[in-house]
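Numbering (the numbering used here), first residue to last: 22 to 232.
Hints were generated in silico from the structure; no laboratory data involved. There may be inaccurate statements among the hints.
[Unchecked claim] Distance windows between CB atoms, simulated:
| hint | residue 1 | residue 2 | range |
| --- | --- | --- | --- |
| 1 | Y32 | D105 | 37 to 45 Å |
| 2 | L94 | R42 | 17 to 25 Å |
| 3 | E90 | F24 | 27 to 35 Å |
| 4 | F158 | E65 | 19 to 27 Å |
| 5 | Y26 | K129 | 35 to 43 Å |
| 6 | K129 | R42 | 13 to 21 Å |
| 7 | G33 | H69 | 17 to 25 Å |
| 8 | A154 | D127 | 18 to 26 Å |
| 9 | H130 | L25 | 32 to 40 Å |
| 10 | H68 | H45 | 27 to 35 Å |
| 11 | V58 | E160 | 32 to 40 Å |
| 12 | N28 | E65 | 35 to 43 Å |
| 13 | D127 | H107 | 31 to 39 Å |
Every residue, glycine too, gets a C-beta built ideally from N, C-alpha and C.
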Amino acid sequence: MYFLYANHKFYGGLVAFWVYRQSHDPTWAERGRTAKVAMMKWAEWSHHNFQHRVYLLDAEDAFCNNDTERAQLLYEKAVSTARDHHFINDEALSSELAGYFFLAIDKKHKATEHFLLAHKKYHDWGAVAKCNALFDFVEIAMAQQHQQMIMGPVNSNYPGFAPVQQQQLTYRPIPFNGILYHPGGWVPVDTVGQSQQQQITRHQPHTNPSA
């Protein structure tokens with residue numbers, strides 16, 4: 022229950038900062054900062070679990086305040102700390118939000134770097150729908166740089182920046198902070214080793230056959 026509440030506070034804070042940037046309603050900024058203060062307190066108790074989230078909420082707050090230099094530093098710290106602490110999901114999220122920030126301040130090269138990283142980390146985490154949603158966003162928002170991004174980092178487990186093809190899925194426990202837990206969904210276990218030149222199809226959600 023503790024981690025569920027902490028997650029609710031974290032994501033609620035990110036949503037609040039995002040809504041503030043769209044609405045300019047100070048109520049939402051205050052909600053985001055309340056979440057940031059709570060995360061800072063928890064980080065004092067468990068630096069490993071919460072410090073990268075403090076950096077990300079602080080980066081979003083700086084973005085709201087148009088403090089671009091501070092925001093840039095904090096986004097980078099959020100990404101690197103999440104990586105160091107082995108939170109691949111938060112590394113992906115931090116990279117994605119950093120991409121939106123750099124796109125907003127017209128630093129398209131930096132935005133490209135972060136969107137590429139986010140796409141790869143979402144893929145490594147098994148978040149196929151997020152991979153495809155991010156690809157679709159970038160294809161529209163950064164069409165002029167699309168070809169460069171398609172040629173992003175590729176290895177035997179990652180096909181590069183492209184839609185993820187449909188693949189066989191199976192249910193498995195995922196390690197989280199040294200504990201195995203079931204996220205309540207289906208995640209890919211086989212990797213995408215197909216050529217990028219092959220026909221690519223959108224991932225279709227699978228249902229649990231035992232349900």
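Now for the hints, and whether the structure bears them out:
1. As the Cβ distance of Y32 to D105 is approximately 22 Å, the hint placing it in 37 to 45 Å is violated.
2. Hint check: L94 to R42, Cβ distance near 19 Å, so the stated range 17 to 25 Å holds.
3. Take E90 and F24: their Cβ atoms lie about 33 Å apart, and the range 27 to 35 Å holds.
4. Between F158 and E65 the CB atoms are about 36 Å apart, so this pair departs from the stated range of 19 to 27 Å.
5. One distance hint, 35 to 43 Å for the beta-carbon pair Y26 and K129, holds here, with the actual separation near 38 Å.
6. For the pair K129 and R42, the beta carbons lie near 19 Å from each other, so the given range of 13 to 21 Å is met.
7. At about 22 Å, the CB distance of G33 to H69 agrees with the hint of 17 to 25 Å.
8. Remark: the range hint 18 to 26 Å for A154 to D127 is upheld by a beta-carbon distance near 23 Å.
9. Checked against the hint of 32 to 40 Å, the pair H130 and L25 passes, with Cβ atoms roughly 38 Å apart.
10. For the pair H68 and H45, the supplied restraint of 27 to 35 Å holds, since their beta-carbon distance comes to about 34 Å.
11. Checked against the hint of 32 to 40 Å, the pair V58 and E160 passes, with Cβ atoms roughly 38 Å apart.
12. In this structure, N28 and E65 break the distance hint of 35 to 43 Å, their C-beta atoms being roughly 18 Å apart.
13. Between D127 and H107 the CB atoms are about 33 Å apart, so this pair conforms to the stated range of 31 to 39 Å.
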